[in-house]
Amino acid sequence: SAVISQKPSRDICQRGTSLTIQCQVDSQVTMMFWYRQQPGQSLTLIATANQGSEATYESGFVIDKFPISRPNLTFSTLTVSNMSPEDSSIYLCSAAWTATYEQYFGPGTRLTVT
Amino acid sequence: TQLLEQSPQFLSIQEGENLTVYCNSSSVFSSLQWYRQEPGEGPVLLVTVVTGGEVKKLKRLTFQFGDARKDSSLHITAAQPGDTGLYLCAGESNFGNEKLTFGTGTRLTIIP
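For the protein sequence lines, the chains are H and E, in the order given.
Quick note, the first sequence lines up with residues 1 to 114 if you use the numbering used here.
Quick note, the second sequence lines up with residues 1 to 112 if you use the numbering used here.
Extracted from the complex, chain H is given alone in its bound form (with noise of 0.2 Å):
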């Protein structure tokens, strides 16, 4: 397993303004994704974070509005531009290895766009 830590824990950010989410894990591994959640609801890829290349969004997710960065093998970001309150929602990244296929979750960041 793995520890993984998401920095801010929680943000309340004005509409048209940008956060960027930080995801830092313990220990090297393969694969990063983001994903987002609306409080009691289940989870939504929006994209696998590959390291040293430009991120796989899934439908209905794009770079110009989630930028994703992964710099190395224990981090990665995550920022939500241009926000709206749309955007006002839990973003969670997650770690996974090639030799498994079980996904380790950050605590997740709640964001509040007014």
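Do not rely on the hints blindly, as some may be mistaken.
[Claimed, not checked] Some chain E residues close to chain H (C-beta under 7 Å, calculated; not the full set): (1) Gly-42; (2) Pro-43; (3) Thr-48; (4) Phe-102; (5) Thr-104.
If you're looking for bench data, these hints aren't it; they were derived computationally from the structure.
Values in this document were obtained by computation on a predicted structure and should not be read as measured data.
For every residue, glycine included, the Cβ atom is placed at its ideal position computed from N, Cα and C.
Using the hints, position chain E against chain H.
This is chain E only, laid out in the frame that chain H set:
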């Protein structure tokens, strides 16, 4: 698009009772995982099932993967307040791809 439907969506029962949560799909999954999430935290992996018909037990929790690998169930015996949380199943469609499709979720409340 692969969908994983969980039922029930909400469940509130008394401490000591038994319960079963279902996770169903029309798609075949190479593996299926169950997670529990508590408020303010990320989901925590409970178990992974890989083989059709597989049954795994984790103390009072019993997980089963359907023979056709399209469905799964989670049975809790003698539920305790600590079992309260959001239960999520998640399927992996392509072995080794690590990309998961999450179920719709079941919010379980155990009343002391």
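Evaluation of the provided hints:
Taking 7 Å as the C-beta contact cut-off toward chain H, the hint placing E/Gly-42 at the interface holds, the least distance being around 3 Å. Interface restraint check: E/Pro-43 against chain H, minimum CB-CB distance 5 Å, threshold 7 Å, status holds. At a threshold of 7 Å, the smallest CB-CB gap from E/Thr-48 to chain H is about 6 Å, leaving the interface hint in force. A least Cβ separation of about 4 Å between E/Phe-102 and chain H falls short of the 7 Å threshold, and the interface hint therefore holds.
The restraint placing E/Thr-104 at the interface with chain H holds, with a minimum CB-CB distance near 5 Å, inside the 7 Å limit.
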